[in-house]
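Asker: Take the sequence shown: its position 115, counted from the start at 1, is 103 in this note's numbering, and no numbers get skipped.
Hints listed in this document are in silico derivations from the structure and should not be mistaken for laboratory results.
Virtual Cβ for every residue (Gly too), placed ideally from N, Cα, C.
Do not rely on the hints blindly, as some may be mistaken.
BS3-like mimics (lysine-lysine), calculated; alpha carbons at most 27 Å apart, straight line [what the hints assert, rightly or not]:
| no. | residue 1 | residue 2 |
| --- | --- | --- |
| 1 | K209 | K422 |
| 2 | K154 | K306 |
| 3 | K95 | K422 |
Computed spacing ranges between beta-carbons, pair by pair [said to hold, decoys possible]:
| no. | residue 1 | residue 2 | range |
| --- | --- | --- | --- |
| 4 | K145 | K254 | 47 to 57 Å |
| 5 | T45 | Y134 | 35 to 45 Å |
| 6 | T429 | R268 | 33 to 43 Å |
| 7 | Q222 | V384 | 34 to 44 Å |
| 8 | Q35 | T101 | 45 to 55 Å |
| 9 | N359 | R31 | 23 to 33 Å |
| 10 | G352 | Y71 | 45 to 55 Å |
| 11 | Q413 | H208 | 16 to 26 Å |
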Amino acid sequence: MKHCLCILCLLGTWFQVPAQKVLKLNLEQAIEIANDSSLSAYRYQNQYLSGYWAYRTYKANRLPSLTLNMTPAQYNRNIIQRYDSESNKDVYREQQSFNAYGQLAIKQNFDLTGGTFYINTDLEYLRNFGETHNTQYSSVPVRIGYSQDLVGYNPFKWDRKIEPLKYEKVRKQFIYNMESVSESVVNYFFTLAMAQAEYQLALDNVASTDTLYRIGKERHKIAMISRADLLTLQLDVVNAQNTLQNAQMSVKRASFSLASFLNLDKNTEIDLELPGLPLRMEISADVALIKAKENNPTLLAQRQNVLEAEQAVDRTKKESRFNAKINASIGFNQVADKLGDAYRNPLQQDMVSISVSVPLIDWGVAKGKHNMARNDLNVIRSTAQQEELSLEEEVVMTVNDFNVQRNLIASAQEALDLAQLAYEQTRQRFIIGKADVNSLTLSLNRQQEAQKNYISALQNYWLSYYKIRKLTLFDFATGLSLANKLNQKIISLK
């Protein structure tokens, strides 16, 4: 696949440790692996291919078709009823016959009228056995014809409207689904990032509480802190160890979930690299709405639903009327005892048939179907309008959230730096006896909370970014349509 070389390079960064592999991974690399190798991506690729081949089938049906129809051998031995003109009565006679038949036919549908042109050539061989033996060849060297429903429903006209739209929806649904994969990766990535950050904080906290407890015991000996403060420090040691164990289990669960989603070895230990402060980028809600209306597969699906409902109205309306069909052809035919003679001096063969079907009494069945189709069309149109309004609201809200996320990341990073500095200073002050246990605990909690807020701010930013990409199928960072960027990938799947 397209990104296999890149993935091999990523996998080359692994190094072996006892019973585990360690993979250093940033967010961009995780998304690239997921889009190429995850089971979700594989499922979406096959969904696209199914739609692609359905469209190819539609296109093929618009081209002339060449068909060979054959009955290579047919033998009959039976007793049949025949009329005997000499005795003026029906009699039963034994009959033995062998015949073979072949036809080569070309058909071409005519979308504008819904009719079908056809050209065919036939050859039939017949040999009779019994009291009389004879052999005959019947040929139709060429026959040209046309069949048409005169006032009926034309499915070809509707296929020309619906099938290209269905394929466009399938193509953009594939891109939409791949962006959903990116969104899922962001969630798994930052869930693991949060677990790893909490685990690192827990490790630091175990070391810190152990040190502070040893200092507290020395101070308690000289009555510098109370027995209650010493017990609090000891409780902090126990809590820190419990927190570390819980954090370790959380890391294993989050790492397993991310590795499973990326379709990696389940024993892989993933070491994440958090993205830094993103570049400043302001997205216009108006531009995002325009791109969403152009590209979003949900709106394309609603347009398809409306067209199919209009098709149903047209079909039920015309089926409630009388129907007339014409079939006309002109050609040549001949019969002879020898194959060569069957193609000499052919006689003209003309055929014109008109059939009419008139519903006289159906107790309102056709009318009921037509009214149902009209009501369904009204429901689908209102649903499409509601879907469009919901999409507009979602796009505007997501863009507005995104435009403030970068400032929130900067603010969260500043708060984290301040919380880390405040905790370190409070810790040093406690060591020299100028801060109490409560101040130390409060400072530690603030540091942990600031760490979580920073990772959450990063997660929200990237979730909003990929959600906007998914809703609009447009990359505002590069100014390129995702449909154009992924055309090469789509071509490689065919």
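Asker: Please go over all the hints and tell whether each is borne out by the structure.
Answerer: Hint-by-hint comparison with the structure:
1. K209 x K422: holds, 18 Å
2. K154 x K306: holds, 25 Å
3. K95 x K422: violated, 97 Å
4. K145 x K254: 47 to 57 Å: holds, 54 Å
5. T45 x Y134: 35 to 45 Å: For T45 and Y134 the Cβ distance comes to about 24 Å; the hint is violated.
6. T429 x R268: 33 to 43 Å: holds, 38 Å
7. Q222 x V384: 34 to 44 Å: Given about 54 Å between the Cβ atoms, the range is violated.
8. Q35 x T101: 45 to 55 Å: Hint violated: Cβ distance 35 Å, outside 45 to 55 Å.
9. N359 x R31: 23 to 33 Å: The hinted range 23 to 33 Å is violated for N359 and R31, with Cβ atoms some 40 Å apart.
10. G352 x Y71: 45 to 55 Å: Since the Cβ atoms of G352 and Y71 sit about 48 Å apart, the hinted range of 45 to 55 Å holds.
11. Q413 x H208: 16 to 26 Å: Given a distance of about 24 Å, which is inside 16 to 26 Å, the answer is holds.
Going down the numbered hints, you'll see the structure goes against 3, 5, 7, 8, 9, while the others check out.
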